[in-house]
Amino acid sequence: MEGLPVQHGGSTSTPRQIPVVDYLVLGDEPHLSARQCRSCGALYFDRRNACAKCFAAEFTSSRLANTGRVRAFTFVHRVKRPFVSAIVDLDGGGVVKANLLGFETPEDVAPHVRVALTTFVVGTDDDGTEAIAFGYKRLGKTA
1 MEGLPVQHGG STSTPRQIPV VDYLVLGDEP HLSARQCRSC GALYFDRRNA CAKCFAAEFT
61 SSRLANTGRV RAFTFVHRVK RPFVSAIVDL DGGGVVKANL LGFETPEDVA PHVRVALTTF
121 VVGTDDDGTE AIAFGYKRLG KTA
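Each residue of the sequence shown is one higher than the one before, starting from 1 at the first, in the working numbering.
There may be inaccurate statements among the hints.
FRET-style restraints, in silico, Cβ to Cβ [stated by the list, open to error]:
no., residue 1, residue 2, range
1, A52, E104, 33 to 43 Å
2, R69, E104, 12 to 22 Å
3, N49, H77, 36 to 46 Å
4, R81, G41, 17 to 27 Å
5, V20, A56, 22 to 32 Å
In the DSSO-like style, the derived pairs of lysine-lysine whose C-alpha atoms are separated by at most 30 Å in a straight line are [as the list claims (entries may be wrong)]:
no., residue 1, residue 2
6, K80, K137
7, K137, K97
8, K80, K97
9, K53, K80
Just so you know, these hints were derived from the structure itself, not from any lab. The beta-carbon is built from N, C-alpha and C at its ideal position, and this holds for glycine as well.
Construct the complete structure from the given sequences, taking the supplied hints into account.
As structure tokens, then:
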């Protein structure tokens with residue numbers, strides 16, 4: 001989701017946004033980007049000097065799918081409002097750990113539930129720059 005227009009002294013502007021992780025690409029179509037080994041196809045979110053699977057040293061950038069299925073999840077209760085932490089198997093390859101949004105009770109989520117990437121503002125600095133994070137919501141429902 002691109003930032004909503006903000007009023008500043010009578011003018012409308014879009015605030016500057018930065019992703020909270022390097023592998024979140026913002027813009028008209030936010031998505032995750034991974035480093036893909038040119039030799040074996042292994043995917044990594046962090047920078048690598050060599051592939052952990054085949055030890056090759058050449059990588060390319062790979063845009064990952066915005067949809068997938070929940071592999072595993074847990075409700076985390078260490079804060080006032082519990083949240084759902086999950087492992088998501090992305091369509092077309094890739095696995096990511098992220099929070100699920102819009103799942104209020106354990107009955108709301110189960111393994112293999114279809115989910116889609118969503119972005120949201122987690123904070124704004126004194127200059128108005130928004131920090132953008134990502135999570136996953138149930139596919140076809142709003143979070």
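Verification of the hints:
1. A52 <-> E104: 33 to 43 Å: The hint (33 to 43 Å, Cβ to Cβ) holds, given that A52 and E104 are roughly 37 Å apart.
2. R69 <-> E104: 12 to 22 Å: 20 Å, holds
3. N49 <-> H77: 36 to 46 Å: 39 Å, holds
4. R81 <-> G41: 17 to 27 Å: Given about 39 Å between the Cβ atoms, the range is violated.
5. V20 <-> A56: 22 to 32 Å: Since the Cβ atoms of V20 and A56 sit about 30 Å apart, the hinted range of 22 to 32 Å holds.
6. K80 <-> K137: Distance of about 21 Å is within 30 Å: holds.
7. K137 <-> K97: 13 Å, holds
8. K80 <-> K97: 22 Å, holds
9. K53 <-> K80: 40 Å, violated
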